[in-house]
Amino acid sequence: GGSGAGRERRDELREELLLSPLPTGDVAATFQFRTRWDADLQRGAVSHYRLFPKALGRLVAALGVRELHLALTQGFWRTRFWGQPPLQAPAGAELWVWFQPTVTDVDKAWKELSNILSGIFCASLNFIDSTNTVIPTASFKPLGLANGTDHHLLRYAVLPREVVCTENLTPWKKLLPCGSKAGLAVLLKAERLFHSSYHSQAVHIRPVCRDASCMAVSWELRQTLAVVFDVFSSGQGKKDWSLFKMFSRTLTDACPLASQSKVYVDISPKNKEKELLEVTPPPTSVHEAVVQGDKKTYAVYDLLSPSLFNTSRSLNVQLKWKRPQDSSEMPIPVLHAQRYVGGYGLQTGEICTLIYNTHPYRAFPVILLETVPWYLRLYVHTLTIITKGKENKPSYIHYQPAQDRRRPHLLEMLIQLPANSVTKITIQFERALLKWTEYPPDPNHGFYVGSSVLSALVPSVIAMKDVDVEQSPLFTSLFPSSDGSSYFVRLYTEPLLVNLPTPDFSMPYNVICLTCTVVAVCYGSFYNLLTRTFHVEEPSRGGLAKRLANVIRKLRGVPLL
Amino acid sequence: QVQLVVPVAVVFSPGSVPGDLPSPLPFRDVQEMEISVNLRTSVTSRYEMAYRGTTAQEEAALAAATAREADAALRPLQDVSMGSLTMYVVPETSSLLPQGTSVYVGRHRSALVRAGGSLAALHARLRQVTQVMSFTATSIAAALSDRVPDGRLSPDARRSLKSSLGYEITFSLLNPDPKSHAVDWDIEGAVNRYVKPVLDKLSLVANFSVDSQILYYAVLGVTPRYDKESSSFLLSAHSLPHVINPVEARLGSSAASLYPVLNFLLYVPERSHSPLYIQDKDGAPVSTNAFHSPRWGGIMVYNVEAPASPQASLPLHVDVDMARVMEVFLAQLRLLFGLSREELPPEFLLESPGNEGLADWELDHLLWAHTVENIATVSTTLTSLAQLLDKIGNIVIKDDVASEVYRAVASVQSAVAKLAMGHLHSAFQASKEAVTSSERAFFDPSLLHLLYFPDDQKFAIYIPLFLPMAVPILLSLAKIVRETRQRKKEPTKMD
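Residue numbers (the numbering used here), protein chains in the order written: chain D, 3 to 563; chain P, 4 to 498.
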């Protein structure tokens with residue numbers, strides 16, 4: 003009986019690399035490794051792991067996690083110039099988790115979870131506490147199977163100060179069944195990955211439907227890694243690139259445990275021009291799809307097809323531009339945003355967010371989530387939303403004011419963006435004075451305010467076909483697609499760096515020094531006065547006046563004094 | 004002082020009563036033994052012997068054909084409380100015990116002992132059996148290994164795991180060469196069949212959780228040596244310590260719990276390194292092809308037979324023979340818990356523990372050792388806390404920490420009292436509570452607040468005050484010294 007049950011538990015691994023040249027000449031590489039396990043990871047039910055990493059599986063089972071999304075990011079995805087990202091994450095560390103309804107104390111589980119994750123990924127996630135955790139009501143819906151979306155089971159936190167480096171990458175790679183020994187993961191060499199404009203690694207765990215009928219649950223672990231290389235400046239002004247140039251490695255085989263291992267190269271013709279670029283070696287197939295409202299063409303290399311490694315031992319995908327492409331006509335994404343701090347002085351300031359809708363004729367709503375730490379005291383009455391010179395009233399507002407040292411501000415709004423418009427959202431704040439122990443090291447660097455999150459269903463220009471999720475490439479299937487006419491986009495704005503009034507931390511020491519010196523000087527003279535012995539000294543020869551007088555007396559013949 | 008009391012019932016079957024009994028049956032007797040661990044610590048063991056004759060039912064049970072049947076038949080007639088033992092003395096000529104054996108230890112808490120003629124000989128034999136079935140001086144010393152002076156403890160005694168409230172057992176299959184070997188193991192079935200009965204029995208001692216994983220591309224840290232004669236690869240005994248470290252990095256810690264982890268690794272060597280054999284210190288291959296690491300776990304090498312035809316397509320499908328593997332791992336598990344069945348005199352016959360893998364008296368053996376160890380741990384923890392408090396006066400002991408300390412002390416006192424009364428099970432429970440409370444007190448995060456504010460820093464802040472104040476004092480001191488010296492030199496000048 004036991005052996006039969008063991009065999010039934012299927013798990014499969016798919017690995018995928020998407021290489022897309024960006025309009026500015028950079029190249030974005032997005033790795034996705036998906037482990038799907040046809041088992042129910044409920045509390046204690048499963049304890050025998052094969053492809054799914056045990057550390058994460060036990061975490062999900064022990065803490066009643068329904069869905070977990072962790073991203074560690076260095077750099078900022080410039081949506082305006084690079085286009086819509088396949089997967090964006092805010093700078094620093096982002097963690098959002100849906101818990102099972104059976105979890106009674108969500109806050110305790112959340113604290114425990116962030117501590118354990120901080121141990122697994124060597125990140126400072128243990129700094130997640132009530133002062134940076136929020137419970138969004140509308141922005142973060144479960145991406146996997148969910149019955150009921152009671153947002154009290156959701157926790158969301160961002161640590162914008164977190165620096166991502168090799169020590170976070172190594173444990174992330176260790177979770178892959180093949181490690182970095184075989185398959186696409188051999189390209190993940192830390193020294194190249196962190197020599198880039200943008201680096202984001204993520205872990206997504208969620209329950210999904212086992213099959214089309216959706217009678218049973220499977221668990222999915224997606225490990226994604228997106229990196230943007232600046233090939234334009236490192237390649238002497240040429241936009242040509244190859245795998246070896248970017249990763250200083252080439253591919254030699256697929257991970258033997260993977261059931262699918264593919265490399266996609268975005269070769270979509272830009273601006274209706276035909277065939278500007280050429281990829282070598284010739285791809286095994288060409289895949290056409292509508293991705294994020296755009297018709298895209300991909301050259302596909304199937305690492306599991308035996309023909310690929312027939313001619314040469316390794317695969318080094320190369321892309322050459324046939325003639326220099328003029329970069330002046332960059333396509334502007336339909337939705338993008340920008341944020342900055344305004345105002346002057348150290349008392350008050352203003353957070354300004356600009357949201358662009360460049361769609362020529364369609365308006366659409368967007369949900370904006372703003373998390374501001376408590377030490378910036380927001381004045382909600384100063385909130386203004388202006389579109390095309392007129393006030394734009396949000397159709398939904400959820401505002402939770404901060405409590406000092408307890409919880410941050412949470413502002414969620416549903417804003418309608420008219421076609422071809424810019425919406426400016428401003429809100430004023432006052433800077434609080436912190437206690438001296440609350441300042442982080444190097445307080446003059448400033449305090450980070452996490453990115454605000456924009457979630458929207460963007461209307462598509464081209465109708466999308468309904469495709470089977472299991473068959474389509476991984477980079478299209480993280481977010482559930484709604485219908486054919488629109489697609490889901492989640493964008494993050496820049497994190498803000500705000501200066502708070504910072505005291506002179508050496509002042510107490512200076513005061514002590516000064517006071518001590520004064521006391522010491524007083525003490526010194528008093529002591530001198532008390533201990534000095536006074537001698538009466540016999541005048542030996544008298545002063546200058548007396549001698550002068552005697553000289554005169556001598557001259558005058560008068561007796562001396 | 005800790006006193007371990009073992010209630011022993013000695014039951015004489017007809018015809019086995021020695022001639023030189025001090026008084027007519029039934030009567031009671033006490034034997035004491037002192038186990039000294041170091042100069043300051045010693046444990047007294049006290050055997051409360053109750054001598055009596057058999058009842059009619061016991062006589063009927065002892066009339067069984069074999070010792071095993073007698074053991075099973077006697078089971079319902081005994082005192083079943085933990086830690087208590089029953090010895091049945093059978094006549095010298097009894098055919099119940101096989102030829103050459105004089106002691107038969109059953110599966111439960113009883114033994115059959117052949118009468119040895121005189122009372123003194125019987126006493127010696129009884130003492131041996133009771134020690135095997137409860138605790139020996141070495142097992143108590145191993146439990147208190149922290150207090151034993153260095154070098155006095157054999158390496159075997161340092162092997163067993165420290166007492167803990169729970170253990171996690173992880174079975175890992177290491178497949179460094181997934182391209183050539185597709186290894187499958189029915190770990191779930193094997194755990195249910197072989198491991199679970201043992202752990203069910205051990206659940207009195209601690210909580211256990213079992214899980215398993217498969218790790219690919221996990222290699223040993225040592226390159227095995229090729230042996231031409233046998234055309235195989237060899238891992239020598241002295242290289243084994245280097246094997247574990249690189250593997251351990253992949254094993255993954257148990258982030259979700261604080262219990263110690265027992266690792267059992269099954270290593271399927273790469274095709275280019277097969278077959279792989281482990282050599283012992285003398286260079287002979289180890290028959291089980293496995294070794295264990297004290298307080299860590301065990302590793303077994305599982306060789307895959309080369310395919311009959313070299314053209315066989317890769318990867319080769321391998322189904323692991325779990326019975327063979329689990330036999331080795333369970334033996335290692337017993338070793339790690341200090342339940343070795345070696346070092347017994349030849350006239351002892353131990354009944355095999357059967358499917359449960361553990362006899363009742365072996366469980367008692369564990370409980371005795373763990374109770375003593377827990378009591379020692381609590382006293383060490385509380386002493387360290389007290390020493391820490393003496394050293395660093397800044398530590399604030401909150402009320403809840405204080406109450407944990409009181410609770411720990413109360414529990415440990417009750418554990419000691421229960422031990423002196425011979426109630427092993429309740430003593431063990433009390434010692435567990437004491438460990439929990441004392442650890443909670445010692446590791447309370449509130450102890451760490453403002454811990455590090457040393458005196459030299461406080462002094463440094465006041466240097467601007469002390470230094471200028473010291474200058475006139477020192478100068479005048481120097482002046483006084485100079486004056487007195489001058490006065491001594493010219494005493495005549497003074498008048």
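Check each hint, because a few of them may be wrong.
[Stated by the list, open to error] Straight-line distance between alpha carbons at most 30 Å, and here's what the computed BS3-like set of lysine-lysine pairs gives:
id, chain 1, residue 1, chain 2, residue 2
1, D, 298, D, 324
2, P, 182, D, 113
3, P, 435, D, 110
4, D, 143, D, 298
5, P, 435, D, 176
6, D, 113, D, 241
7, D, 437, P, 182
8, D, 247, P, 435
9, P, 182, D, 183
10, D, 110, P, 182
Note that these hints are calculated values from the structure, not bench results.
So which of the earlier hints does this model not fit?
Of the numbered hints given earlier, those the structure breaks are 2, 5, 6, 7, 8 and 10, listed in rising order.
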